[in-house]
Amino acid sequence: MEFEYKTADTLHSVSIEKKEDAYVISTGDDSITISPRQLLPNFMSLDIDGKTTKVYFARSDGKIYVFINGYQYELLDIVRESQTTVSKDHAHMEGEAEISAPMPGKILKIFVKEGDEIKVKQKLLIVEAMKMENSITAPIDGTVKRINFKEGDLVDTGQPIIEIE
Amino acid sequence: MEFEYKTADTLHSVSIEKKEDAYVISTGDDSITISPRQLLPNFMSLDIDGKTTKVYFARSDGKIYVFINGYQYELLDIVRESQTTVSKDHAHMEGEAEISAPMPGKILKIFVKEGDEIKVKQKLLIVEAMKMENSITAPIDGTVKRINFKEGDLVDTGQPIIEIE
Amino acid sequence: MIKKVLIANRGEIAVRVIKACREMDIETVAIYSEVDSNALHVRLADKAMLIGPPAPRESYLNIDKIIDTAKEVNADAIHPGYGFLAENAEFARRCEETGINFIGPTSEAMALLGDKIESRQTMIAADVPVIPGMEAKAVSLADLAKEAKAIGYPVLLKASAGGGGKGMRIVESADELEGAMEAGMREAKSAFGDDSVYLEKYIEKPRHVEFQVLADTHGNVIHLFERECSIQRRHQKIIEESPSVALDDELRQRMGETAIRVVKSSGYTNAGTVEFLLDKHKNFYFLEVNARLQVEHPVTEFVTGVDLVKQQIKIANGEKLELRQEDLRQKGHAIECRIYAENPQNNFLPSLGKILFVNEPVGPWIRNDSGIFAGIDVSMYYDPILAKLIVWGENREDARRRMKTALEDYAILGIKTQIPFLKEVIEHPEFIKGNTMTNFIPQHFPEWKGDRKHQKIALIAAAINSYENFRIKKTGSKKVQVTPWQTVGQWEILKS
Amino acid sequence: MIKKVLIANRGEIAVRVIKACREMDIETVAIYSEVDSNALHVRLADKAMLIGPPAPRESYLNIDKIIDTAKEVNADAIHPGYGFLAENAEFARRCEETGINFIGPTSEAMALLGDKIESRQTMIAADVPVIPGMEAKAVSLADLAKEAKAIGYPVLLKASAGGGGKGMRIVESADELEGAMEAGMREAKSAFGDDSVYLEKYIEKPRHVEFQVLADTHGNVIHLFERECSIQRRHQKIIEESPSVALDDELRQRMGETAIRVVKSSGYTNAGTVEFLLDKHKNFYFLEVNARLQVEHPVTEFVTGVDLVKQQIKIANGEKLELRQEDLRQKGHAIECRIYAENPQNNFLPSLGKILFVNEPVGPWIRNDSGIFAGIDVSMYYDPILAKLIVWGENREDARRRMKTALEDYAILGIKTQIPFLKEVIEHPEFIKGNTMTNFIPQHFPEWKGDRKHQKIALIAAAINSYENFRIKKTGSKKVQVTPWQTVGQWEILKS
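Protein chains in written order, with the numbering used here: chain A, 1 to 165; chain B, 1 to 165; chain C, 1 to 496; chain D, 1 to 496.
The following block holds chain A by itself, in its conformation from the complex (with noise of 0.2 Å):
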């Protein structure tokens, strides 16, 4: 399986497969093998060339945040298409959505207006946050019901940008 992360301006792509007990990972060059000594819901410990390391971690709204010996990593998950079909089967069916910030960004456009009819992978906006540019688009077919901000606006995490019927 293949993830890719992000932090601060650098992309990782990091792949892992499961052998028994143990992961297979390869973080480009080099491949090692591990087995977490403990696997917690937020902390785990990793042997890595004959060292310890305590991890710990927590996952919120598409981040990582990491924290090993006294020092914080923020990462940004990006996630592909093929892990989120569940996800978005699962709209479908429901016939709602709402799209909203995951952290703190900028609205740098909006392609929709509230009462539009849109359609499936429409391209409904582009955000800033992190550095990056993201276009957003519709997760499922349905009628633009609101849109609580205008373009050039500031979001939070949380707030809801778009909400779809």
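It is worth saying that the hints were derived from the structure and are not from the lab. A virtual CB, placed ideally from N, CA and C, is assigned to each residue, including glycine. Any given hint could turn out to be false.
Derived, one-sided and incomplete: chain C residues facing chain A with beta-carbon distance under 8 Å [stated by the list, open to error]:
1. GLY414
2. LYS423
3. ASP451
4. LYS456
5. ILE457
6. ILE460
For chain A, the structure is supplied; the task is to place chains B, C and D on it using the hints.
Below, chains B, C and D without anything else, positioned relative to chain A:
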């Protein structure tokens, strides 16, 4: 709404209604109106008769654990049929279920055997726990796929007793 | 006797005061703004009163509202904590007028000490060494220029009403003076509502050494030794310790006696701090009196075993000090690190958001005065201090090593903190040697942007977590778990 | 010099030792049984080794396996903690043979002190007061009966190899002797593998007062004053404090000197505890030496400021004691409460299961030595001690009040603890007065079954929680939240 809790060998009925931000709660003879100062996942702060009480709580496997001012209470949550409709519908949809033990207990009687066709509400087994007998009925139609225990066995928290397909 | 205290503050200091009151069987009333309804101090107090909107001037700085609330709940005393109204003489005066016991000095003493120039004159009269500088408020650029010439460049331009470095400017030569004055006055005006500025001799590479004092209302004054607070970022203390490596017993005694003279000459009562600058020749100069409980009071508590908040309350009760100077000892060594919600990668700007997870360091001789918990939002409205981590050790090196391990265990996830920076400071060879001057950070960490040494491990951990999350999503919800104890209603009570 | 320590223990004491080692830059190796893979000590150590199945004799008591593991990881020392193999002379001997530094006394001293009768004879020779009683092992009922008559009833029957009250019986009169002997021998056999028993004078209502000692390998011995541990339930200490209210300076000095004589006469080295009974006439009698770090060592650490685990390691390293008797002081007062997974409503039987939530008390002068966290299972295989809560105060009453508030904040949910019981003990008027004799609990809490005074509030809280859970279930999942940052792939990196 009406809830029932069991402590040691006493059953307590509590009725609760919400009016705006306040709950109207009756635990028997008297009724009080209360709005928690804080209501967090494992904590609430209650002002009762001009005195504030800090309440820590957690819920697991049908029990509610409560800690107040150094004292601890364990309440068995006796949930009524009406409240479980949703989850049973869900079970119907999926067509697969597992009867597991939410706390240590003893299996007194088993009425079915592997391979049996069963109907919703059919009596499956009797379990004794917390000094009470509990008749367990089938949550869905199906076939008994596996029975992991026999009469007289002790079961521990989380152990699957009967699997239904 | 004080029976009910309103705490006119928030965060870790409100929590600290509540705990001391609770141990003394004193009822506590918290106040909170609309964004603080889930805060820890609201949880811990016996009663909590909503005081207004988030903006400080409408809540934690709203004197009328706070006085009214104290009256409403029949609080007989107010503890101001630090910051907000703690050194506001007007607030102390209003409490006095209303008959509420203000746990701190009198409004009169506070007003005297709050004016840097007035207090300076009082100190000179009491034979307290002060930094060579102006004796009067400046009225014009010409006055300042004349003074600067008399003192000799470099000089320091300071706000008369200020503190915390706001309005402060180093002026290296005469041609920089006008610009510095204008900027300093603007900053002073906006920070304190008073644009008076003054000049003093700029002391190069000094240490910041302050003395904790306690003065009762019967004329008894003691000091509880020094704290060294030289490690500052932008004039804000971030690491404090006691004792100071720069003091020997003779100097400690001399400075302590001077601190007591400062307190007596100003009619100061309750807990306070006398700040000095110590130059490289071990000359010390009076800076100012902090007329409140200090952020860094726990280091003194750790080495002396005296609970300063309880002492404050006893003094406010009119009790005589039971502690005598000759019984006090500094035992071992304590270090405090202030934990701020700041992003070291982004010029230490406040890092706001929800705290998702906290692992607090615990262990022998580790104290953590915290105002946070997992689930709380760090808002933009207030000082971004989250907690104070304080450790004690048998000696400085023992304490320093304990602090290192405690910082390494202090996981706060969801926002950024300056913990990585603190860790690098206390591991710096010059810190280990005790070469701590107030220019320590600009000198040794001029452009610090953080460290990425564990980034690869962070990516590995993220991948394991992503993999497991994805696996659960795909396979986890196929089966419905039915727990009979929850869903079936047919119970029979057995005879036992 | 010790560079890598294997900790042959689990739970809070393993955590305690790991923290001390880490602050000394010593590597740590944890061992764990199959049920402990997620335990806290496994998390905190630098390395962790699976040692065997849950049953103690196959894991934490498995001498061969532990020695082999220490060799495998190149550990140069073993810290045994308390319990398990801590006072097993055979284990100490095997370490000595293998060249592993056993952090504790020599196997020889341990063997001498482990035999109650032998050690008694040594103490009599060293002019240490002992409880009147037998001088030799009993071989028959007739021997015991003769001795009992000579000593005078009531007498105490004790296991020769034992400790912790196992095998112990009070015999009030001659006709009870035979039954007591048989039961005592059976218990002694099953607990210690040795059925020798002996008799001594039964002291009524004594206090349990013990002295902490440190002895280096160069003949230097100091004591770190006393702990009073009279509050015991079924001969198991549950609350300990220092100082003891029963001692004055003269008695303290006399007992301390006796403790040092005990240590010197037995050739004991490293940290140890000399236990005494103190009768109501202030006569004290030697009981035994605990040849290990005690559960209650933190109260001594709090009042003296000495880190006993670090001292143990330094002594094991062959270093000379830097502490001198004349420099040591008891400052303030410390109290410890042991937190057990026991159900007060069910005769204090162990309460097993998953811990769902923990709110640890924190604050100035509160120390919590804990081995648990939310999510961990308390298993049936080991001693149900979860944590130790220790507080310090300027005096006993200050410490006691702090302990009360700390217990009130110590929420552990999912299993039962005896925290409600501890709270009632420390709030008992006789405890407040310091009338703490070893019969305190049978006398004041003979049939304690718990208290239900807050039960109504518990029901109210449960109903609010049930109501909110039900509401969320019904309405919570109607809308699907799509977060664009997670689900859409089209990113472009901006120039910044």
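Hint by hint, here is what the structure shows:
{"no.": "1", "hint": "GLY414", "in the structure": "holds, 6 Å"}
{"no.": "2", "hint": "LYS423", "in the structure": "holds, 4 Å"}
{"no.": "3", "hint": "ASP451", "in the structure": "holds, 6 Å"}
{"no.": "4", "hint": "LYS456", "in the structure": "holds, 6 Å"}
{"no.": "5", "hint": "ILE457", "in the structure": "holds, 5 Å"}
{"no.": "6", "hint": "ILE460", "in the structure": "holds, 5 Å"}
Figure legend: structure checked against the earlier numbered hints; every hint is met.
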